[in-house]
Structures are given as C-alpha cells and as structure tokens.
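Q: In case it helps, full-length UniProt numbering puts the sequence shown at residues 1 to 297.
Since the hints were derived computationally from the structure, they do not count as laboratory data.
Note that this is a predicted model, so its numbers are computed, not measured.
Possibly wrong hints are sitting among the right ones.
Claimed, not checked - Cross-link-like lysine-lysine pairs, in silico, BS3-like; alpha carbons within 30 Å at most: (1) LYS243 to LYS230; (2) LYS91 to LYS61; (3) LYS52 to LYS82; (4) LYS82 to LYS169.
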Amino acid sequence: MSTKSLMALVGGLLIVIVAANSLYIVNEFERGVELRLGRVSNGDLDRGLHVKFPFVDSVKKFDGRIMTLDAPAEPILTVEKKTVEVDSYAKWRILDVKKFYTATNGEIDRARSLLSQRINEELRNQFALRSLHEVVSGQRDELMLAIKDELNKFSDTSLGIEVVDVRVKRIDLPVEVSGPVFERMRAERELEAAQHRAEGEKMAKITRADADRKARVERAKAYRDAEKIKGEGDAIAADTYAKAYNQDSEFYAFVRSLEAYRATFAQKQDVMLVDPASDFFRYFKSANGDAAKGVQK
1 MSTKSLMALV
11 GGLLIVIVAA
21 NSLYIVNEFE
31 RGVELRLGRV
41 SNGDLDRGLH
51 VKFPFVDSVK
61 KFDGRIMTLD
71 APAEPILTVE
81 KKTVEVDSYA
91 KWRILDVKKF
101 YTATNGEIDR
111 ARSLLSQRIN
121 EELRNQFALR
131 SLHEVVSGQR
141 DELMLAIKDE
151 LNKFSDTSLG
161 IEVVDVRVKR
171 IDLPVEVSGP
181 VFERMRAERE
191 LEAAQHRAEG
201 EKMAKITRAD
211 ADRKARVERA
221 KAYRDAEKIK
231 GEGDAIAADT
241 YAKAYNQDSE
251 FYAFVRSLEA
261 YRATFAQKQD
271 VMLVDPASDF
281 FRYFKSANGD
291 AAKGVQK
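Between the sequences and the hints, there should be enough to build the whole structure, so can you do that?
A: Right under this line is the structure:
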C-alpha cells in the first residue's frame, strides 16, 4: 500500500470518527441535555438530529416516558396511633431535564431514592391526620390527591420531576393487632346485622297485621254483599212463588204435593202410617184432588 493510500485511509477514518462524535439523535421518547466540559450548555434538547463539538461536548439522554416507582412497604401511624403497613407506588416522569440532571447528576437510581423518601414522608404526614377508617375507605381518593400535590411542590422545584399519580396498593394491620381489630369489626357487623333483623321483624309484623286487617274488612264486605244478594234473591223467589200461586192455586198445590211425594218416598225402605183419607193423599186418587175432597166430606 502506498503512502498516499495510507494517508487517505487514515483521513477517512478521522472523518468518520469526528462525524460520529459530532452527530447524535434524540428519539421521541427521550429527553436530553448537552454538556460542554461537564457543564450544561443546552438544558432541553429537541427531538431529532443534532450537531455538537466533538470531544468537547457530550450528551446525556434519559427516558422521557412515565416511569413507575414501587416503594417498599413501611409502618405508618394513623391519628389514633395505630400502626399500619402501607405498600404504595408512584407514577412519575422527567419534566425539567436540566434541573433533573443538576439535582441527581443524571442518576435515575438517585432520583428514585430521593422520590421514595419524599413519598414516605408525605404518607406519614397525611396518615397522621386521618383515622384508620378514613385511610382505608372513607377518604382514599382525597388522601392520594393530597399526597400527589405535596410531592409535586417539592419534586417540580427541586428535582425537575412531575409526579403523575400516587396509589396505595395495600394497607395491612400488624399481626399483633389485626386479631383484636378483626374481632371488634366482626362484633360491630353482628350488632348491625341484629339491628337490621329486628327492624325487619318489626316491619314484617306491621305488614302482616295490616294485611290481616284488610283481609277481615274485605271478608266482612263480601259477607255483607253476599247476604244482601241472597236476601234479594229470596225476595224475588218469594214474589215469584206468590205470583205463580195467584195465577193457578190448584196447580201450585199439585206441584208442591209431587215434591212432597218425591221427598217422602225417595228410599224404598221408607214407611209411613197415614190415614188414607188424609189431605196428603189428595192427588193420589185424582189429578185435580176431587176424590180426596169427597173422602173428607
């Protein structure tokens, strides 16, 4: 290889090295700062291709997406001085890259450690103002919102971090106090259940008594209406009988006698001892009853 070719090769390599140290890309999901001799020269790099002075400027890039900080469970006291084990996590992202780099020297682990300590302090401060019931169910949303607001006051100004959300995954009682607490809760629930049962039985008795009263009233009304209808029917029947008798008294007497015969001799073993000249046999001897009348004469 000739000297000229060697020099061209060396020159090409130098150009590639200089170009590689002069150009860099910041992706859409990244945030970055440009340093010149260790000091921040550009605190918020835009996304895209950039040029820097080779071997003088350097670039620090960080993940600009929302990250999760899973804090370890910590014992915390409530306003009643009850100890609870609180397991929480936070969602955060870098908001001010220059401030973040200055506060943490660009170390994500250091940022996590500082934020974890601050979350623990805010949890203690907020839990100390609330009862166990409030932190478990009564004011959970208000508690998380208050913690997030207080964290952002610190992290925004001191770390260049935005806390997007803070959540409590689990709140446990210590083993030595969980038993008595559970027993008290069970007793309270049993008392509440007994009160509900007593109220239910009271309402059931009232409902049954009201239903019985209404049933008696309805039966009385039905009996009254039935007796009224029966009386009206009896009156109509009596009036019909009277009219029929007045139209043909002899035929009416004949029909009544047939009914009497049918009822009297319904069974073959029936026996009667009656005078043959009795008016009972009036129509046995004559259809119009004249023979019986002659006998009586």
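Q: So, for every hint listed, does it hold in this structure?
A: Status of each hint after checking the structure:
With a CA separation close to 20 Å, the supplied pair LYS243 and LYS230 stays within the 30 Å bound. Between LYS91 and LYS61 the CA atoms are separated by roughly 20 Å; this keeps the pair inside 30 Å, and the hint holds. With a C-alpha separation of about 58 Å, the suggested pairing of LYS52 with LYS82 is violated against the 30 Å cut-off. With a C-alpha separation of about 19 Å, the suggested pair LYS82 and LYS169 falls inside the 30 Å cut-off, and the hint holds.
In summary, the structure is inconsistent with hint 3 from the numbered list given earlier, while agreeing with all the others.
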